[in-house]
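Engineer: Protein chains in written order, with my numbering: chain U, 1 to 204; chain E, 1 to 232; chain Z, 1 to 248; chain Y, 1 to 53.
Don't take each hint at face value.
Said to hold, decoys possible - Computed cross-link-like contacts, DSS-like style, restricted to lysine-lysine with a CA-CA straight-line distance of at most 27 Å:
1. U:K9 / Z:K87
2. U:K125 / E:K28
3. Y:K36 / Y:K47
4. U:K193 / Z:K155
5. Y:K36 / Z:K87
6. Y:K36 / Z:K155
7. Z:K155 / Z:K87
8. U:K4 / U:K193
Stated by the list, open to error - Label pairs and their calculated CB-CB ranges:
9. Z:I83 / U:V194: 35 to 45 Å
10. Z:W119 / E:G197: 18 to 28 Å
11. U:A108 / Z:E239: 19 to 29 Å
12. U:A134 / Y:K47: 41 to 51 Å
13. Y:Q45 / U:I13: 55 to 65 Å
14. Z:T20 / Y:K47: 24 to 34 Å
Stated by the list, open to error - Quick look at which bits of chain Z chain Y covers, simulated, 3 or more residues with Cβ under 8 Å:
15. 78-92
16. 164-176
17. 215-229
18. 232-238
It is worth saying that the hints were derived from the structure and are not from the lab.
No residue lacks a Cβ here, since even glycine has one placed at the ideal position from N, Cα and C.
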Amino acid sequence: MTAKLSARKLTLIRGESCLFQGLEFSLSRGELLLLEGQNGSGKTSLMRAIAGMLSLESGEIFWNDVPVSDQRQEFHGSLVWLAHRTGLKGDLTLVENLRFEGALRRQADVDPATIFERLGIARLKSLPLRSLSAGQQRRVALARMMMADVPLWLMDEPFTNLDREGRQLVMDLTEEHLASGGMCVMAAHQDVKVDATVIRVNLS
Amino acid sequence: MSAIKAGQPGILAGLLAITRRDLLLAWKRPGDVLNPLFFFAMVCTLFPLAVGPSAEQLTFSGPGVLWVAALLSTLLSLNSLFMSDHEDGSLDQLLVSPQPLPVLALGKTLAHWLISGFPLVLISPLLAITYRMPSDIMGVLMLTLLLGTISLSLLGSIGAALTVGLHRGTALLSLLILPLAMPVLLLGANTVSLAAGNDIYSTGIWALGAYAVGSISLAPYATAAALRISNE
Amino acid sequence: MWKFFHQLASPPHFYRLAATLIPWLAVPGVLLIAYGAYAGLFLVSADYQQGDAFRIIYVHVPSAYLSMMAYMMMAVGGGIGLIWRMKLAHAVGAAAAPLGAAFTFLALVTGSIWGRPMWGTWWEWGDPRMTSELILLFLYFGYMALRSSIDDTAKADKASAVLALVGVVNVVIVHFSVEWWSSLHQGQTVFKKGTMDADMRIPLFAMLIGFSLIFGAMLVSRLRTEVLFRERRTRWVRELVLSPEGGK
Amino acid sequence: MDALAMGNYGAYVWSCFGLTLIVVVLSAWRARARHKHVYREIEVQIKALEEHQ
Chain U
1 MTAKLSARKL TLIRGESCLF QGLEFSLSRG ELLLLEGQNG SGKTSLMRAI
51 AGMLSLESGE IFWNDVPVSD QRQEFHGSLV WLAHRTGLKG DLTLVENLRF
101 EGALRRQADV DPATIFERLG IARLKSLPLR SLSAGQQRRV ALARMMMADV
151 PLWLMDEPFT NLDREGRQLV MDLTEEHLAS GGMCVMAAHQ DVKVDATVIR
201 VNLS
Chain E
1 MSAIKAGQPG ILAGLLAITR RDLLLAWKRP GDVLNPLFFF AMVCTLFPLA
51 VGPSAEQLTF SGPGVLWVAA LLSTLLSLNS LFMSDHEDGS LDQLLVSPQP
101 LPVLALGKTL AHWLISGFPL VLISPLLAIT YRMPSDIMGV LMLTLLLGTI
151 SLSLLGSIGA ALTVGLHRGT ALLSLLILPL AMPVLLLGAN TVSLAAGNDI
201 YSTGIWALGA YAVGSISLAP YATAAALRIS NE
Chain Z
1 MWKFFHQLAS PPHFYRLAAT LIPWLAVPGV LLIAYGAYAG LFLVSADYQQ
51 GDAFRIIYVH VPSAYLSMMA YMMMAVGGGI GLIWRMKLAH AVGAAAAPLG
101 AAFTFLALVT GSIWGRPMWG TWWEWGDPRM TSELILLFLY FGYMALRSSI
151 DDTAKADKAS AVLALVGVVN VVIVHFSVEW WSSLHQGQTV FKKGTMDADM
201 RIPLFAMLIG FSLIFGAMLV SRLRTEVLFR ERRTRWVREL VLSPEGGK
Chain Y
1 MDALAMGNYG AYVWSCFGLT LIVVVLSAWR ARARHKHVYR EIEVQIKALE
51 EHQ
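In isolation and in its complexed conformation, chain U is listed as follows:
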């Protein structure tokens, strides 16, 4: 079974304005869906709609050709979401935060230490997150994403708060994930150079 994320005739209305109408896309393993558009064009809303947190005016999102609304839990078990806000607890340490995540979602069979090492956060392990910089917190969120054993990565503006090295790291990680048969949906307003099939959706 090849995993696949597709959307048919999505229309989303927020408040008074129609963000998009009749939007369609289809994403298979190894492909990157890049959402482009200015701020406020509905990238985050589309991401939230894919994650099942916004109700669509009309249309349907499919995971493996089954509507997501019929299999919400299975679908959520196949994705991890790197949101604008990290969604990590500032009072807890890196390890405590990630241990909690591990109890919710299936974890990949990798040693966390190597991931921390690669992200450059290994030495921050026992500090509460609120004492970390915004960039370091972002890296913790990346660690959570890498540790989950899921095919679909939803990444909302993954480059914010990261330096050039960090941005390159995100692109490398994305590339590796795609190469190993994963899928990515990414919202970004900067150009993304990734060696993979890129499907572009412009929301402006």
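Given the structure of chain U, go ahead and fit chains E, Z and Y onto it with the hints provided.
Structural biologist: Structure of chains E, Z and Y alone, referenced to chain U:
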């Protein structure tokens, strides 16, 4: 097609994980735990100051005052149930987690009860003594408060979920939850009064127990639905 | 049949239908109430226990009945709205709440006025129905407060629907717990059921039906306003407003 | 006159009926007024938009 792939943590693991996380968070901020307790004690102190120290009157109104104070202090602490999760984006993460949302809501409410309702049950005999309530009804008092605060936390979690992210949340939460909580107050306080008057009080205990069971099995679904709506 | 409902749920159809429906509800309603009030006040002979004060039931009972009906409608409307995503059903809740609160208020005040000569007090906590009715009023306040504090209509609809559904379960529990509570404190007996003569009952039925019809007329009228407001950006409203005959 | 006095209960009965009448009429009037208000608001908005174009 298997519903959930092998290796996916089970429901119980999710429930325990979120309960543990919230307890850990409370441990790191003990003020959040102590405030409702102080509030409870203070409301109980206000009453004798207002109506005078007559022993007769205090014994008579003790159950009612303790119960009203317990209700108000639970309400006070409920406001923060989902607030910090909403602010730092954790709520979003919970909503997209593969664990069923009602289970997570139940886990959060359980943690909330353990840090606000349960200590209140434990210190209630101390306050009851100051009200000169007979010592043989302490058991009934604690049992009704135990069952009642569970129900109140669960009911309140629905209100907290409905008002999360709203500006006027606190006042609104009280307005939504107080009428819903009235049966619990009525059952609890009157059962203790009956016990104090050496009447048969088992009906009240059974009713409170039924209410608690009912709210454990139904309230998490309403809370989950409300969370999805509020977080759209 | 299904087609009829489908058309009813379509906003422009409903808007047009509602305008013709209102007088058909209101006129018979007013006539029935006029008859019921006249008969209740003058034709029916006084009750042998309560004297003429019993005539208050001709306004109290219909108000109390509608106060509960309106809450049921909010809950059912909310449930339908949540399950089948029918927007008109959500609008029913928005339209019914203020009306329900008004009738609950009436039931409380008329009950209290009745209680003054009967019990010698304006308010009797021992009466389970009065207490339940008071809690019902608070439930209405909560519902309306929640609705008005959420700006997004779709979100307000769904949140208040959840509250109405939780509340309707609670109303039942309130009823039984208050009954138990008042039995502990030897509550006063209220309007006894089944002791009415037929000639006393007929005006009461007329009042009940008349009140329901008037309530229906007001509900449809409020619903029409809700529909118009919610659809204000649509083409049919634009055409309606710009058309030479306009709308009322 | 006796019919209006209703024993000693006249004041209670009449105030109930009167109050009910007032509340029902007020509710009906408010429903109508709200409709007019909403309609006018929408009308002004739409016509302003129309002239603008």
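Engineer: Looking at the structure, which of the earlier hints fail to hold?
Structural biologist: Those not satisfied are hints 4, 11, 13, 15, 16.
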